[in-house]
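Engineer: Kindly generate the complete structure, drawing on both the sequences and the hints.
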Amino acid sequence: MLLALFSLFTGEYQLTGHDEGWRMLWITRWPRTASLILSGIAMAMSGLVMQLMSQNRFVDASTSGTLEWSSLGILLAYVLFKNPTIFERMTLSIVMAFVGTLIFYKLLQNIRLEGPLMVPIVGMMIGAVISALVTFMSMAMGLDQVVQTWFVASFSSIEMGRYEYLWLILGLVLLLYLFADRLTLASLGEETATSLGLSYQSTVLVGVCLVAFAVGLTSAVIGQLPFVGLIVPNLVSLYRGDHLRSNLPWVCLCGAGIMLVSDILSRILIRPFEVPVSILLSIFGAIVFTVLLFRKYLTKGG
Numbered sequence: 203m204l205l206a207l208f209s210l211f212t213g214e215y216q217l218t219g220h221d222e223g224w225r226m227l228w229i230t231r232w233p234r235t236a237s238l239i240l241s242g243i244a245m246a247m248s249g250l251v252m253q254l255m256s257q258n259r260f261v262d263a264s265t266s267g268t269l270e271w272s273s274l275g276i277l278l279a280y281v282l283f284k285n286p287t288i289f290e291r292m293t294l295s296i297v298m299a300f301v302g303t304l305i306f307y308k309l310l311q312n313i314r315l316e317g318p319l320m321v322p323i324v325g326m327m328i329g330a331v332i333s334a335l336v337t338f339m340s341m342a343m344g345l346d347q348v349v350q351t352w353f354v355a356s357f358s359s360i361e362m363g364r365y366e367y368l369w370l371i372l373g374l375v376l377l378l379y380l381f382a383d384r385l386t387l388a389s390l391g392e393e394t395a396t397s398l399g400l401s402y403q404s405t406v407l408v409g410v411c412l413v414a415f416a417v418g419l420t421s422a423v424i425g426q427l428p429f430v431g432l433i434v435p436n437l438v439s440l441y442r443g444d445h446l447r448s449n450l451p452w453v454c455l456c457g458a459g460i461m462l463v464s465d466i467l468s469r470i471l472i473r474p475f476e477v478p479v480s481i482l483l484s485i486f487g488a489i490v491f492t493v494l495l496f497r498k499y500l501t502k503g504g
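Here our numbering is used: the first residue of the sequence shown is 203, the next is one more, and so on.
Please keep in mind that the hints were generated in silico from the structure rather than gathered at the bench. Note that the structure is predicted; figures quoted are calculated from it, not measured. Treat the hints with care, as some may be off.
Pair by pair, the computed Cβ-Cβ distance ranges are [to be verified]: (1) R225 with G391: 53 to 61 Å; (2) I313 with L407: 18 to 26 Å; (3) L407 with L370: 17 to 25 Å; (4) L467 with L407: 34 to 42 Å; (5) M362 with N285: 14 to 22 Å; (6) F475 with L407: 43 to 51 Å; (7) V281 with P451: 38 to 46 Å.
Virtual Cβ for every residue (Gly too), placed ideally from N, Cα, C.
Structural biologist: Structure below.
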């Protein structure tokens with residue numbers, strides 16, 4: 203709550219002392235703060251689901267190629283519709299995020315990968331290929347400047363009328379809560395889950411749909427937000443274990459908190475300019491990713 207209030211009143215435009223101050227609060231500041239909270243919830247939630255389904259701590263939308271697939275969907279929206287609406291971008295972004303995430307999990311099910319680190323490496327390799335394809339296509343079609351804006355997420359352009367689709371994320375949280383026990387059972391592996399009476403493939407498909415909708419929606423409205431889904435579930439599970447239903451509220455709160463802190467820092471580090479939030483998240487995420495790697499292998503060695 204304190205972070206949200208601080209976010210509302212942080213910025214170069216002073217809300218007090220101006221006749222239009224409170225109007226600007228509702229036009230720009232409130233949409234920005236709400237977008238930060240909702241996108242943080244979406245990305246943290248998607249990371250939690252992906253880690254459970256893959257049984258790997260190092261998997262999230264940025265280490266599985268899902269973000270790059272959603273960018274491909276946004277590019278296709280510009281190719282097909284020339285000047286696409288948010289709904290058209292969102293729809294194709296979700297569809298391509300679903301395709302990419304499904305390919306990633308089918309690959310994990312059919313190819314035996316030795317060691318937990320190999321899974322995110324394969325995901326990042328797929329993501330690099332898709333990213334190169336998007337860059338090539340966008341340059342060939344003269345859309346490189348348009349598409350690159352979705353690779354570097356910034357909340358500076360968020361205002362009333364541009365963020366409202368993000369409220370659908372609350373519905374995703376409710377659906378995830380309803381399917382929490384099934385996804386927790388699926389995290390035990392296909393053989394164990396099936397022996398307990400769970401339809402494993404159907405449950406994985408539900409999880410993929412939730413991830414694709416969360417990542418695709420956020421990417422279409424905001425842009426790529428890397429490593430949030432990697433950082434938050436790992437930090438929560440260190441203290442609370444791996445039960446999805448009990449962890450979900452904490453994951454949502456921590457996801458929103460990390461986004462708010464990152465955005466506040468982005469606005470005060472080089473005032474009056476802003477650092478894109480995705481840059482701060484990449485730096486912080488890379489540090490946490492490295493710490494998790496060393497912690498795992500030091501624990502294994504001990």
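Engineer: Work down the list of hints and note, for each, if the structure agrees.
Structural biologist: Do the hints match the structure? See the list:
1. R225 with G391: 53 to 61 Å: Hint holds: Cβ distance 55 Å, inside 53 to 61 Å.
2. I313 with L407: 18 to 26 Å: Cβ of I313 to Cβ of L407: about 19 Å, so the range 18 to 26 Å holds.
3. L407 with L370: 17 to 25 Å: The hinted range 17 to 25 Å holds for L407 and L370, with Cβ atoms some 19 Å apart.
4. L467 with L407: 34 to 42 Å: Holds - the Cβ-Cβ distance for L467 and L407, about 38 Å, lies within 34 to 42 Å.
5. M362 with N285: 14 to 22 Å: Taking Cβ atoms as reference, M362 and N285 lie about 21 Å apart, which means the hint holds.
6. F475 with L407: 43 to 51 Å: Distance hint for F475, L407 holds at roughly 44 Å.
7. V281 with P451: 38 to 46 Å: Taking Cβ atoms as reference, V281 and P451 lie about 40 Å apart, which means the hint holds.
In the structure shown, no violation is registered for any of the earlier numbered hints.
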